[in-house]
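Required output: the full structure, derived from the provided sequences and hints.
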Amino acid sequence: MVVVVVSSIDEIAVELGQRATQVELAGSQLVQAAAEAIWTSIAADAFRARLARRHQQFGAVADLLRSAAHAVARYSSEVDAERARLRRLELAAEHAVIRGAADLGNLGGLAHGFIGGIHP
Amino acid sequence: MSGTTEIVDYEELARMSSVWGEAAAAVARIGFQVAALASSSDLLVNAMFDPMGATRAEADILRAAVGPHGLAALSAGLGVDAILLKAVVAKEQYVDDLPFGQVAALEQWLVALPIELALDPAHTLRDGTRDTSAVANAIVGYAAPHTQTLLELFAPSLRFRFDTAAHRPLSVDPVFGVPLAPLVPNSERIGGSVSISRYAPAWGSRPAPSIGSMLDRVGDLEDQPAASIAVQRVVGRDGTQRYVVELSGMRRMANTADPEDLLGSGAAVVRTTTNYTTCVREAIDAALVPLGAQVVLVGHSEGGIVAMDLAGDPTFNGGRVRVQQVVAAGSPISSKPVVEGSGTRVLSIENVNDIVTHLDAADPPVSRQSLDRLTYRFADDEHDIVGSHSVSLYARHAAALSASPNPLVIRVRAGLRPFMEGSATTTVFTLHDRLTP
Numbered sequence: 000m001v002v003v004v005v006s007s008i009d010e011i012a013v014e015l016g017q018r019a020t021q022v023e024l025a026g027s028q029l030v031q032a033a034a035e036a037i038w039t040s041i042a043a044d045a046f047r048a049r050l051a052r053r054h055q056q057f058g059a060v061a062d063l064l065r066s067a068a069h070a071v072a073r074y075s076s077e078v079d080a081e082r083a084r085l086r087r088l089e090l091a092a093e094h095a096v097i098r099g100a101a102d103l104g105n106l107g108g109l110a111h112g113f114i115g116g117i118h119p
Numbered sequence: 000m001s002g003t004t005e006i007v008d009y010e011e012l013a014r015m016s017s018v019w020g021e022a023a024a025a026v027a028r029i030g031f032q033v034a035a036l037a038s039s040s041d042l043l044v045n046a047m048f049d050p051m052g053a054t055r056a057e058a059d060i061l062r063a064a065v066g067p068h069g070l071a072a073l074s075a076g077l078g079v080d081a082i083l084l085k086a087v088v089a090k091e092q093y094v095d096d097l098p099f100g101q102v103a104a105l106e107q108w109l110v111a112l113p114i115e116l117a118l119d120p121a122h123t124l125r126d127g128t129r130d131t132s133a134v135a136n137a138i139v140g141y142a143a144p145h146t147q148t149l150l151e152l153f154a155p156s157l158r159f160r161f162d163t164a165a166h167r168p169l170s171v172d173p174v175f176g177v178p179l180a181p182l183v184p185n186s187e188r189i190g191g192s193v194s195i196s197r198y199a200p201a202w203g204s205r206p207a208p209s210i211g212s213m214l215d216r217v218g219d220l221e222d223q224p225a226a227s228i229a230v231q232r233v234v235g236r237d238g239t240q241r242y243v244v245e246l247s248g249m250r251r252m253a254n255t256a257d258p259e260d261l262l263g264s265g266a267a268v269v270r271t272t273t274n275y276t277t278c279v280r281e282a283i284d285a286a287l288v289p290l291g292a293q294v295v296l297v298g299h300s301e302g303g304i305v306a307m308d309l310a311g312d313p314t315f316n317g318g319r320v321r322v323q324q325v326v327a328a329g330s331p332i333s334s335k336p337v338v339e340g341s342g343t344r345v346l347s348i349e350n351v352n353d354i355v356t357h358l359d360a361a362d363p364p365v366s367r368q369s370l371d372r373l374t375y376r377f378a379d380d381e382h383d384i385v386g387s388h389s390v391s392l393y394a395r396h397a398a399a400l401s402a403s404p405n406p407l408v409i410r411v412r413a414g415l416r417p418f419m420e421g422s423a424t425t426t427v428f429t430l431h432d433r434l435t436p
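Chains A and B, in that order, give the protein sequences. So in numbering that gives the first Met the number 0, spot 57 of the first sequence is number 56, and the numbers just go up one at a time. So in numbering that gives the first Met the number 0, spot 114 of the second sequence is number 113, and the numbers just go up one at a time.
Keep in mind that the hints were calculated from the coordinates and are not lab data. Treat the hints loosely; a few may be bogus.
[What the hints assert, rightly or not] A few chain A residues that face chain B, going by a derived Cβ cut-off under 10 Å, partial list only:
hint	residue
1	I8
2	A25
3	L29
4	A32
5	A33
6	R49
7	F57
8	D62
9	L64
10	S66
11	A68
12	R73
13	S76
14	V78
15	E81
Think of the CB as a built atom: it goes at the ideal place given N, C-alpha and C, for glycine as much as any other residue.
Right, dumping it as structure tokens:
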């Protein structure tokens with residue numbers, strides 16, 4: 000059994016989309032296999048009706064996989080947006096700290112000059 | 000097969016069951032892989048950024064993988080379908096095909112034995128021999144589909160079992176593992192000649208319109224008093240000359256003065272050069288078939304084996320003529336190759352209840368067939384070795400191929416079309432074991 004290793008959320012969405020295509024293909028192959036069979040009887044008709052239902056199920060499963068892919072993609076976008084927002088906050092905080100430090104430095108210099116000026 | 004419109008082909012059901020089983024396994028595999036995605040570390044680690052989104056994504060993935068309408072449910076449904084198809088096949092093979100009639104007759108004989116034996120011992124023993132033979136005859140066809148498995152498991156010769164498992168051509172006997180080719184007497188492999196027959200078949204001036212009618216013609220040749228083959232020249236609408244060579248099968252168990260006896264058939268199974276192949280070469284020369292001409296070889300039983308022996312011989316296929324297609328019916332040819340790169344296509348028609356098709360101890364694959372090597376298998380148990388092997392039965396089943404929606408069969412028919420259209424002349428040849436005087 001091969002377990003697919005994915006390295007980002009977007010890749011999970013892509014992977015799910017690919018699986019949806021694979022499932023649809025598998026469904027088409029079954030329809031093809033049944034169409035190629037030289038088999039006509041009441042049982043054959045019943046089986047082909049069953050196959051038609053199975054084919055619909057393949058489509059439904061593919062839709063579920065695509066829906067999951069969309070949910071993952073949406074989640075990925077949300078995560079990216081949240082990360083960007085946090086990054087902006089982080090940057091703002093960094094700037095504030097840097098600016099604060101610079102202000103403190105300037106204040107220190109002034110204070111030093113002032114103290115130096117009054118000292119004999 | 001029953002009626003004119005209803006066809007129940009259990010080999011097709013077995014093939015579909017195999018396809019369904021593979022599909023169920025493939026869907027289950029996808030389901031497992033999708034379920035594994037739900038526990039991906041990327042989804043979990045980033046959940047703190049969007050807990051609701053992560054939950055939704057995971058739920059959707061799990062719904063697709065293991066939900067009530069997801070991959071796991073679909074896989075289970077397909078598995079059930081595969082089992083149902085297998086059950087239908089098993090019912091046919093193990094219950095419907097049971098030789099009830101023959102067994103009941105034998106049972107009746109056994110019950111009446113004490114009284115009948117006292118009244119008319121000779122007649123009773125004759126009846127008993129007949130009923131026992133009928134049961135034995137029917138059981139051969141009943142067990143025929145399992146020949147390869149039985150030989151793989153129980154053949155005393157290790158070499159034979161290895162060859163069978165590896166799908167290698169039959170070369171040793173199943174009991175002692177003695178190489179078979181050297182056992183073929185010279186009288187079956189260094190002779191062979193033909194003479195032109197006076198038989199002028201009614202179909203001689205018309206190309207065969209279908210695969211079924213090609214086999215009917217082989218059957219017509221098998222009905223002739225002497226061992227016969229036919230070379231038909233077909234001049235197509237494009238003016239090209241093409242040839243159809245019809246090869247009849249074994250006619251006698253006892254040794255005869257022609258290659259169509261048990262010894263000749265055995266020789267064809269284990270050797271590629273026999274009296275019969277020499278006869279065909281001579282007939283091709285005598286019919287003035289041009290060098291490199293396009294040829295179709297059609298054969299039943301031994302005729303089909305000989306067709307494959309020739310298609311696998313580069314001095315014939317490519318050296319003398321170009322064999323476009325082999326059509327073999329009731330022939331154990333599963334492990335016989337054609338000349339590599341020759342482009343020769345092989346259509347093998349096999350009745351699984353015909354023990355002859357299993358004599359090479361190699362069954363063709365049920366699925367993954369190709370245009371180059373296509374086997375159409377059907378199950379028609381006549382409860383009689385000869386009946387299940389008869390060319391007329393094969394011709395009847397081959398007739399179903401004319402309407403087959405199978406794309407591979409459609410392409411085989413398309414490839415044969417040039418050999419089925421235009422004007423035709425036919426020469427029938429009588430076969431002899433002796434060399435040309």
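### Query
Going by Cβ atoms only, is A:L64 closer than 10 Å to chain B?
Status holds, d = 5 Å.
### Task
Mind checking the CB of A:R49 against every CB in chain B and telling me if the closest is under 10 Å?
Because about 7 Å separates A:R49 from the closest Cβ in chain B, which is inside the 10 Å limit, the hint holds.
#### Entry: Given hint A:A25 near chain B, where the shortest CB pair must fall under 10 Å
Constraint on A:A25 satisfied, holds at 6 Å.
### A:L29 as chain B interface residue, shortest Cβ-Cβ below 10 Å
OK, holds: A:L29 within 10 Å of chain B, min 6 Å.
### Query
Taking the least C-beta to C-beta distance, is A:S76 closer than 10 Å to chain B?
With a closest approach of 9 Å, the A:S76 hint holds.
### Query
Any CB of chain B closer than 10 Å to the CB of A:A68?
holds, 8 Å
### Restraint check, 10 Å cut-off on beta carbons, for A:R73 near chain B
Status holds, d = 6 Å.
### Message
A:A33 was flagged as interface toward chain B. Is the shortest Cβ-Cβ separation under 10 Å?
### Response
Interface hint status for A:A33: holds (6 Å vs cutoff 10 Å).
### Task
Under 10 Å, Cβ to Cβ, is where A:A32 needs to be relative to chain B, so tell me if that hint holds or is violated.
holds, 4 Å
### Task
Against chain B, run the beta carbon of A:F57 and see if the smallest gap drops under 10 Å.
It holds, given that the least Cβ distance between A:F57 and chain B is near 7 Å, below 10 Å.
### Message
Less than 10 Å between beta-carbons is the criterion; does A:S66 satisfy it with respect to chain B?
### Response
holds, 6 Å
### Query
Can A:V78 be said to touch chain B, with a Cβ gap under 10 Å?
With a minimum Cβ separation of about 5 Å from chain B (threshold 10 Å), the hint on A:V78 holds.
The earlier numbered hints are all upheld by this structure, with none contradicted.
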